[in-house]
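Asks: If you're matching positions, the sequence shown starts at 9 in our numbering and goes up one per residue.
All clues given are correct.
Here are the simulated DSS-like pairs of lysine-lysine, each with C-alpha atoms no more than 25 Å apart in a straight line:
hint, residue 1, residue 2
1, K189, K84
2, K196, K88
3, K150, K215
4, K194, K88
5, K86, K58
6, K194, K27
7, K196, K121
8, K84, K58
9, K100, K67
10, K27, K176
11, K210, K100
12, K67, K215
13, K194, K215
14, K84, K27
15, K215, K121
16, K176, K194
17, K86, K194
18, K196, K86
19, K215, K100
20, K27, K86
21, K189, K27
22, K194, K150
23, K176, K150
24, K210, K150
25, K196, K215
26, K150, K100
27, K121, K150
28, K88, K27
29, K194, K121
30, K86, K176
31, K67, K210
32, K88, K58
33, K196, K176
34, K27, K58
Restraint-style ranges between C-beta atoms, simulated for each label pair:
hint, residue 1, residue 2, range
35, K27, G99, 35 to 41 Å
36, A129, K84, 27 to 33 Å
37, D137, R80, 40 to 46 Å
38, R59, Y102, 26 to 32 Å
39, G156, E118, 18 to 24 Å
It should be emphasised that the hints constitute simulated quantities derived from the structure, not laboratory data. Glycine residues also receive a C-beta, built at the ideal position from the N, C-alpha and C atoms.
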Amino acid sequence: MKLTNGYSGLVLEVTLGPKIGYGYVRLTQIDSQFGFYTSILDCRRGEPIKRFDFEEFVKLDDLVAPFLTVGRPPRKGKFKWRPLGYLPMEGKDYVIQDFKGGYPGNQAPELTKWSVVRGTAASEVVRDDAGEVMMFSYEQVKHLGYYGHMSLSEATSRIILEWMKILKMDYIGYEDEEFPKDLLAKQKIQVSVSIPYSEVPKEIRGKVII
9 MKLTNGYSGL VLEVTLGPKI GYGYVRLTQI DSQFGFYTSI LDCRRGEPIK
59 RFDFEEFVKL DDLVAPFLTV GRPPRKGKFK WRPLGYLPME GKDYVIQDFK
109 GGYPGNQAPE LTKWSVVRGT AASEVVRDDA GEVMMFSYEQ VKHLGYYGHM
159 SLSEATSRII LEWMKILKMD YIGYEDEEFP KDLLAKQKIQ VSVSIPYSEV
209 PKEIRGKVII
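Hey, can you work out the whole structure from these sequences and the hints?
Replies: Structure below.
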């Protein structure tokens, strides 16, 4: 399809391999420097869809919290992305998201003190009135996305891992020659501390609980 409105609100079909099939994402453009919020839609198919059904897609919720991406969608290869159509931008799409960070991956998330970044730049870490970085419990941040930018090509493996976790597949053991092992290792840590958005009330999505 021809991109008539850039990337904001664009829905794409992502090839995720034979075990998962095809997933769907929606891009929300933040600005030209920091790229997109990428939202995995709670929809998966065994075959590519033949027609973009606006009425179906506009009702879909997100699978997990959105994450930050840059670059262009990969249009060729084993894990290609195919643009399908647009969904309208809503008020929530213009809200600056909070993201959690600081998890070492070698201890229980409940035992970790978490930092929070408000927006897209690492310098926007949440601080108290004295200028000190505020730290939060896992309960306060578990519904947030994990801070860090990745290319849309790298996002493919993140989408695969998120779906594998939801489907109770062995995402920890997942490997593919298309994805560097260090990238997968980092993403597996991030996926380990994500939760389904179906469990997150809409009024706290994207905001740390103070």
